[in-house]
Amino acid sequence: MADVPKRKTTSLLLVTVAGLITAASLTHWLDTHTSAPDPTLQEQELYLSAGAARRMSLGFNALVADWYWMRSLQYVGRKILNAREHLELDDLGKLNLKLLAPMLDTATALDPEFIEAYEYAAIVLPPIDVNEAIRITRKGIDANPNAWRLYHQLGYIYWQQRDYATAARIYEQGAAISGAPEWMKAMKARMAVEGGSPATAREIYIRLYEQSGDQKIRDMAWRRLLQLDSAKEIENINKVLNAFRSRTGRCINSWTEIAPAFRAAGLGMDATGAPLDPTNMPYRLLVERCSVELAPQSEIPKH
Amino acid sequence: MFNLVLAIARNTFREAVRDRVLYNLVLFVMLLTGAAIFIGELSGGQERKIIVDLGLSAMLLFGVFIAIFVGVGLVYKEIERRTIYAIFSKPVGRGEFLVGKYLGLCLTLLVNVLVMGLGVCLALLYVNRGWDPLIISIWPSILLIYFELTIVTAVALLFSSFSSPALSALLTFLIFIIGHFSADLKNLSTLAPSAATRWLLAALYYILPNLANYSFIAGAAHGHSPDPTRLLAATVFAAVFVTVLLASATLVFSRRNFK
Numbered sequence: 001m002a003d004v005p006k007r008k009t010t011s012l013l014l015v016t017v018a019g020l021i022t023a024a025s026l027t028h029w030l031d032t033h034t035s036a037p038d039p040t041l042q043e044q045e046l047y048l049s050a051g052a053a054r055r056m057s058l059g060f061n062a063l064v065a066d067w068y069w070m071r072s073l074q075y076v077g078r079k080i081l082n083a084r085e086h087l088e089l090d091d092l093g094k095l096n097l098k099l100l101a102p103m104l105d106t107a108t109a110l111d112p113e114f115i116e117a118y119e120y121a122a123i124v125l126p127p128i129d130v131n132e133a134i135r136i137t138r139k140g141i142d143a144n145p146n147a148w149r150l151y152h153q154l155g156y157i158y159w160q161q162r163d164y165a166t167a168a169r170i171y172e173q174g175a176a177i178s179g180a181p182e183w184m185k186a187m188k189a190r191m192a193v194e195g196g197s198p199a200t201a202r203e204i205y206i207r208l209y210e211q212s213g214d215q216k217i218r219d220m221a222w223r224r225l226l227q228l229d230s231a232k233e234i235e236n237i238n239k240v241l242n243a244f245r246s247r248t249g250r251c252i253n254s255w256t257e258i259a260p261a262f263r264a265a266g267l268g269m270d271a272t273g274a275p276l277d278p279t280n281m282p283y284r285l286l287v288e289r290c291s292v293e294l295a296p297q298s299e300i301p302k303h
Numbered sequence: 001m002f003n004l005v006l007a008i009a010r011n012t013f014r015e016a017v018r019d020r021v022l023y024n025l026v027l028f029v030m031l032l033t034g035a036a037i038f039i040g041e042l043s044g045g046q047e048r049k050i051i052v053d054l055g056l057s058a059m060l061l062f063g064v065f066i067a068i069f070v071g072v073g074l075v076y077k078e079i080e081r082r083t084i085y086a087i088f089s090k091p092v093g094r095g096e097f098l099v100g101k102y103l104g105l106c107l108t109l110l111v112n113v114l115v116m117g118l119g120v121c122l123a124l125l126y127v128n129r130g131w132d133p134l135i136i137s138i139w140p141s142i143l144l145i146y147f148e149l150t151i152v153t154a155v156a157l158l159f160s161s162f163s164s165p166a167l168s169a170l171l172t173f174l175i176f177i178i179g180h181f182s183a184d185l186k187n188l189s190t191l192a193p194s195a196a197t198r199w200l201l202a203a204l205y206y207i208l209p210n211l212a213n214y215s216f217i218a219g220a221a222h223g224h225s226p227d228p229t230r231l232l233a234a235t236v237f238a239a240v241f242v243t244v245l246l247a248s249a250t251l252v253f254s255r256r257n258f259k
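Going down the list, the protein sequences come from chains R and E. If you're matching positions, the first sequence starts at 1 in the numbering used here and goes up one per residue. If you're matching positions, the second sequence starts at 1 in the numbering used here and goes up one per residue.
Simulated from the structure, these hints should not be mistaken for laboratory data. Everything numeric in this text was worked out from a predicted model, so none of it was measured. Heads up, some of the hints might be wrong.
Covered stretches of chain E (chain R as the covering partner; in silico rule of three or more C-beta atoms under 8 Å from a C-beta of chain R) [said to hold, decoys possible]:
| no. | region |
| --- | --- |
| 1 | 40 to 46 |
| 2 | 180 to 191 |
| 3 | 214 to 227 |
We treat Cβ as the ideally placed atom computed from N, Cα and C, and that holds for glycine.
Okay, chain E solo, but in the shape it has when bound (with noise of 0.2 Å):
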C-alpha cells in the first residue's frame, strides 16, 4: 500500500515539474537580486530585515498559489483526462489515491521551499557582505511556513474532491483568510450579544485553522526563533488538521461516482 502511495506522490511531482510549476523560482531569484542590490537605497539600513520579510513573504505567497491552483487541479485533472478510470482499474484505492497526489504536491511544495531558503540565505550572505546569523535563525520559521502550505494543501484537496476547481480554488483562499483571521473570531465570539452568535463563532474558532500560529517571518527578520513547544505544537496541529482533512476528502470522494 505504501509503495503505491509513493508512487502516486512520485508521479504528481514528476508532473508538476513538468508543468512548470518550479518556474516561479525564477521570479524569486529575480525579485530577490533586485531586492538585494536595490533595497539599501530604501531601507534606511534595514537590508537585512527587508530581505528577510520580502524572501519569507515570497515563499508564503508563491507557496499559496502553488498549493491552491495545483492542489484544486490534483484531482479534476485526472477525472477531466479520464486517466482516473485507469488507475483505478489497477488495485488502487481512493484514499490512497489522495494521499499519494498530496504528499507528491507537498514534494513540490518542499523543494520550491528548500530552494527560496537557500536563495534567502544566499541573499543575506551578498547584503551583509559576509555570514550573518539569520542564515541559521530563519529555518524554523521556513518550518512553519511549509507547514502552512501543507494545511492549505490539504483544504485544496478536500474542496477539490466533491467540487469544481474554480469554487475549490476560491474557498481555499478564503480559508486561508479566514485562518489568519482567527483572533478575531475568537475576540468576536466573546463579545457578539446572542448565545447563538456566540457559540457558531467559537465553533468557528476551533474547528477552522489558526494560520496565524505558522507566521514567524517578523521574528525570523529580528533573528530570532520560535519557541520549541510552539514549534511542535505547531507541528502536530498540522498534522492532525491535515489527517482530518484527508479522511474527509477520502470520505468525499469514496462516494463519487465516475460513471
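Isolated chain R (complex conformation) (with noise of 0.2 Å):
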C-alpha cells in the first residue's frame, strides 16, 4: 500500500518531465520545418505610434521605453550580423533600417529624458533618413533644454551634412547653456572657419568619444580617430613612395629601400620594414599606382 502513492508520484513527474521533452521537441520541430517569415512583412510599419504607446502604457511607459530601445538595438545587431561585413554605427544606410526612426521616436516618445535614445539617433539615422534624424534630436532638445549634449549631437548631423553655418549656430546655441563645456564655443568657432577640416572632424570624434555613454557610439568615434591618423599617415607614406619614384623611375621591390625614410618620419614598422597602420596593420602596397592603402583585414574604416 505505501507503494502506491511512491508510484504514483514517479508516473506524474515522468508524465510531466516527458511532456515537456515532448513540448520541446515539437518547437523545434516547427521552428525548423516553418518556412523563413517574410522580409517585407517584418519591415511593416509599428503597430502602435509614439503618441498611442505613451497612453496605452499607463504607468509603465519607463519599462515600455527601455523595451523599445533594446529593440532598437537588437534590430540594428540583427541586421548588421546579417550583413556579414564589416559597418560603421555611423555608416549604416544601406541596412534598409526603416523601423530604427519610428522605434526610437516611441522610445523618446515615453521617455523624453532619454537622452542615450536621441544620440544613438543623431549617430545612427542619418545615413538612413537625416530629417527624422534632426527631428528626433530636435524634439529631445525641446525636451531637455538644458542638454547642452544634444546640440552638441544636432551639430554632429549638420557637420556630417556639411552645413557648417548651421552646425556653428546649433554650437554657439549649446554653448550659452548654463554647464556647457567650454569646448562647445571653440567649436563653434572651428565650425564656422573650417568646417570641413580634418582637424574638427577629430575634434568632433575626440568629444563623441569623451561624451558618449553608449560603448557602441565610443568604439565608432575612436575607429573614425584611428582613420583620420591613418589617412594623415597614408599621405606621409604617399609622399616617401612618389619621391623614391621621382628619384629612381620606379615604384620600390622591397619596403626596406625606404625603411629610413619611414623612421625619420616616425612611422611604425613590422620585420619586413612594411609601415603599421595605427592599429599595427601592416599597409598593402600599390605597386601600379605605387601608393598604399589600409590593409583589408586592418579594423580601420575604410570610408
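Each of the two chains sits in its own frame; use the hints to bring them together as a complex.
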C-alpha cells in the first residue's frame, strides 16, 4: 500500500518530464519546418504610433521605453550580423533600417529624458533618414532644453551634411547653456572657419568619444579617430613613395628601400619594413599606383 | 476605537502573510537578479536606468495585483466564512472594521514596497559595482507608487463592500486604467462637440483619481526626484481621496444586511 503513492508520484513526474521534452521537441520541429518569415512583413510599420504607445503604457511608460530601446539595438544588431561585413555605426545606410526611426521616436516619446536614445538617433539615423535624425534630436532638445550634449549631437548631424553654418549656430546655442563645456564655444568658431577640415573632424570625434555613455558609439568614434590618423599616415607614406619614384623612375621592390625615410617620419614598421597602421596592421602596397592603402583585415574604417 | 482598528489591521496583515501574499517578493528578487546579471548584454550601457525602470514598474504591477486581488477579498472572505458575525457581535463598528482591514492591507503593501525598494538598491549596487546616487533618489518615486497603491486598495475596498470579488476586481482594474488616461479625459472634455458630453467628461476627470500624478518612474531612473510641492499635493490628494472612498464604503457597508 505504501508503494502506491510513491508509484503515483513517480508516474506523474515521468509524465511531466516526458511532456516537457515532447513540447520542446515539437517547438524545435516547428521552428525548423516553418518557412522563413517574409522580410517585407518584418519591415511593416509599427502597430502603435509613439503617442498611442505613450497613452497605452499606463504607469509603465519607462519600462516600455526601455523595451523599445532594446528592440532598436537588437534590430540594428541583427541587420549588421546579417550583412556579414564590418559596418560602422554611422554608416548603416545600406541596411534598410526603416523601423529604427519609429522605434527610437516611440522610446523617446515614452521617456522624453532618454538622452542616450536621442544620441543613438543622431549617430545612426543620418545615413538612413537625415530629416528624422534632425527631428528626433530637436525633439530631445525641446524636452531637455538644458542638455547641451544634444546640441553637440545636432551639430554633428549638420556637420556630416556639410552644413557648417547651421552646425556653428547649433554649437553656439549649446555653448550658451549653463554648464556647457568651453569646447562647445571653440567648436562653434572652428565650425564657422574650417568646418570641413580634418582638425574639426578630429575634435568632433574626440568629443563624441569622451561624452558618449554608449560603448558602441565610443568604439565608432575611436575608429574614426584612427581613420583620421591613418589618412595622415597614408599621405606621408605616399609622399615618400612618390619621392622615391621621382628619384629612381620606378616604384619600390621592397619596403627596406625606403625604411630610413619611414623611421625619420616616426612611422612604426613590421619585420619586413612595411609601415604599420594605428592598429598595427601593415599597410598594403599598390605597386601599379605606387601608393598604399589600408589592409582589408585592418579594423580601421575604409570609408 | 483606535485600538480596535489597530487590532483588525494587525490581524489583516498576519492573514496576508499567512496567505503567502509576500511570496511575490521571491519572484521580484528573481526578476531583478536576472535583470542585473543579463541586462548589460542587451541594454547598450543603460543597465542602471533599466534596473530602476524594471524594479519600480514591477513594484507598481505586483502592488496593483495585491491591492486588487487581496483588497476585493477583504470583506467578502469574512462574509463567506461567516466570521463577520463573530466580529460584529463584539463592539466593533462597520467603519472601524473597514478602516482596520484597509490599514492592514496598506501595511502589507508597505512591507512589500520597502523590501522591493531595498532589492532595487542592492541591484543598483551590484550593477554599478559600488555606491550609486540613484539609491537615494528613487525613494520619493517609491513613495508615490505606495500612495497610488493605497488609492487602488481603497477603490477595491469600496467595490467589495457591495459587489462580488470578480466584479470588484474588474471595476477596480478599470479605475486603475482610467486613472492613467485622465489626461485624455481632460482633453476630450474640451474637444467634445456637445456641452453635455463636455460636462460629463470634465466631471469624470475631477471625480476619478488622476493616477498619472503618481507616475515618476522615468524621472527616478534619470536621477530626478519629484518636485516637493507636487509630492505634497499628491500626498494630500491621496489622503483626501482615500478618506472619501473609505467614507463611501462605510456608508454602503453600513446598509448591508447580513441576515
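Tested hints:
| no. | hint | result |
| --- | --- | --- |
| 1 | 40 to 46 | holds (count 5) |
| 2 | 180 to 191 | holds (count 3) |
| 3 | 214 to 227 | holds (count 8) |
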